[in-house]
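Q: Sequence:
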Amino acid sequence: MPRFKNVNDCDRPVGLTDLLEIGSTVDLPCNIGQFVRLSSRSGSRVSRPHRAYRQVVLSMSVVMLLAAGAAAQEDKKTDDDKPADPDTGESTVEEKTLGILPNPLQKYGVKFAATYIGEAFGNATGGLKQGAIYEGRLNLAVDVDLQKLVGIDKLTFHANMFQIHGDGLSRSNLQNFFVVSGIEALPSTRLYEAYFEKQWGAKKVSLKVGQLAADSEFFNTKYTDVFTNASMGWPAITSLDLPSGGPSPPLAAMGARLLVNVTDQLSLLGGIFDGDQAGPGSGDPQQRNRYGVNFRVNDPPLLLGQIQYAWNNKKGDPNLTGQVKLGGWRHFGSFADQQLASNGVSFAAPGTSAEPLLLAGDIGGWAVFEQQIYRVPHSDDRGIGLFARAAGAPADRNLIDLYADAGLEFIGLRDDRPDDKFGIAAGYAHVSKRAQALDADYRTLVNPSWPIRSFEGLLTAVYQYQIRDGWTVQPNFQYIVHPGGGATLPVGPLAGKILKNASVFGLRTTLKF
1 MPRFKNVNDC
11 DRPVGLTDLL
21 EIGSTVDLPC
31 NIGQFVRLSS
41 RSGSRVSRPH
51 RAYRQVVLSM
61 SVVMLLAAGA
71 AAQEDKKTDD
81 DKPADPDTGE
91 STVEEKTLGI
101 LPNPLQKYGV
111 KFAATYIGEA
121 FGNATGGLKQ
131 GAIYEGRLNL
141 AVDVDLQKLV
151 GIDKLTFHAN
161 MFQIHGDGLS
171 RSNLQNFFVV
181 SGIEALPSTR
191 LYEAYFEKQW
201 GAKKVSLKVG
211 QLAADSEFFN
221 TKYTDVFTNA
231 SMGWPAITSL
241 DLPSGGPSPP
251 LAAMGARLLV
261 NVTDQLSLLG
271 GIFDGDQAGP
281 GSGDPQQRNR
291 YGVNFRVNDP
301 PLLLGQIQYA
311 WNNKKGDPNL
321 TGQVKLGGWR
331 HFGSFADQQL
341 ASNGVSFAAP
351 GTSAEPLLLA
361 GDIGGWAVFE
371 QQIYRVPHSD
381 DRGIGLFARA
391 AGAPADRNLI
401 DLYADAGLEF
411 IGLRDDRPDD
421 KFGIAAGYAH
431 VSKRAQALDA
441 DYRTLVNPSW
451 PIRSFEGLLT
461 AVYQYQIRDG
471 WTVQPNFQYI
481 VHPGGGATLP
491 VGPLAGKILK
501 NASVFGLRTT
511 LKF
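Number 424 in my numbering belongs to position 424 of the sequence shown; there are no gaps in the numbering.
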């Protein structure tokens, strides 16, 4: 049988990451209790990913050149092309702040931003154990308008770094899929994003190149910005199924992103990323890329694509705005079968191979719907917004094969509290049939009372109270059904332990200096 790491050694869920590189040592997911994903191969066969990179870059270049001469579009209600603060979802260029951080170079096109999030979470029931934690993250960012600074037309630069400290409730207490906080990560000081962005026309075409995150543009909706749960940003299906969690906090990836606004309503979005930003090896991917400066480009690539159509999205339009997005991913690496070893028998069987059955590549698709259902008179964004997202992936090579979430966000309904927000949402992550089959094998071959994981559910409610510009507090509640699908991973010191439903209470404060 393969060797497995201790369940408490890691932070972010990872999969069978060692087998392609170091023989019989298997690195199973360390904080959620299941087989998750296999880190992509990056050995001698680099020609295939390199060909894929070249093909996609060529295609993106052709689309960019064809669209560059299109007519200018009218102003939209929201500016989606500005760098997003990963803590708040707002533009780092135009966000409201406390006014403490000096910006003496802003007239030259250089703007600094600093945001601190501090939060306390505790689970009164459920999970592995009950308890409370504190965690925090300082986000320092710089945005440079190179047209103002050195006269290069429509070229900007953005970079930001994190200083992360404290414990994580999901990591230490819950072992669950829907990580309770979007800032939960191993303590570290790390670079996050660093990229150049070039625009053509009146924001008709935009190209980003550098170290990028995907969560602020792909598979996202603006009506989840109030929530603290990580999956309300980058969904659990992509964070669990993709190597190193995909390009999302706290690990961005080297790559390029192309946005083409075909019309005022229709946009095309495509990206190519290094497929394993932490690189292959044992242990948590955050430990393998501890400072965010691995800058890997030779791993099999990850492709993301999205088509998005919006309606009533021009400033001053009296009708209720909405949007639909259809997209998906294609990964060119190798992935481990969730049940079978390389000799074709279950990992639960005596004498099974130490290596998994390897499957070529991975795909997945998603759909996003958002609709404003009420607008406060004489405003654009205040009102009530509804969102729903769904995604699917093959069951044989992915821990999560079906995902869905939906909710409502109430924005500034009171004239005397125009910046307050309230959100309620629910989420569902289904454990794939192949992973369930492995649990069934353990029940048959190891222990007749072995639990079979099924799904994890989330119910959450958050209120965001603005104390003043740049300072908010967010009391929030999360109820997690079947953490980790209902049980810990099938090996290790806590193998086969049933995880009961968890009640989580939290308080977050955000300071934008």
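The set of hints was computed from the structure by calculation and includes no laboratory data.
Careful, some of the hints might be misleading.
Said to hold, decoys possible - The list that follows gives simulated cross-link-like pairs (lysine-lysine, DSS-like), each with its CA atoms no further than 27 Å apart:
1. K203 <-> K222
2. K129 <-> K500
3. K107 <-> K500
4. K129 <-> K198
5. K129 <-> K203
Q: For every hint, state whether the structure bears it out.
A: Hint check results:
1. Distance hint between K203 and K222 is fulfilled; the C-alpha atoms sit about 20 Å from each other, no more than 27 Å.
2. Distance check on the hinted pair: K129 and K500 sit about 10 Å apart at the alpha-carbon level, within 27 Å; holds.
3. At roughly 55 Å between alpha-carbon atoms, K107 and K500 are farther apart than 27 Å, so this suggested pair is violated.
4. For the proposed pair K129 and K198, the alpha carbon gap of about 49 Å is over 27 Å, so the pair is violated.
5. The straight-line distance between the Cα atoms of K129 and K203 is roughly 51 Å, outside the 27 Å bound, and the hint therefore fails.
Consistency with the previously given hints fails for numbers 3, 4 and 5, ordered from lowest to highest.
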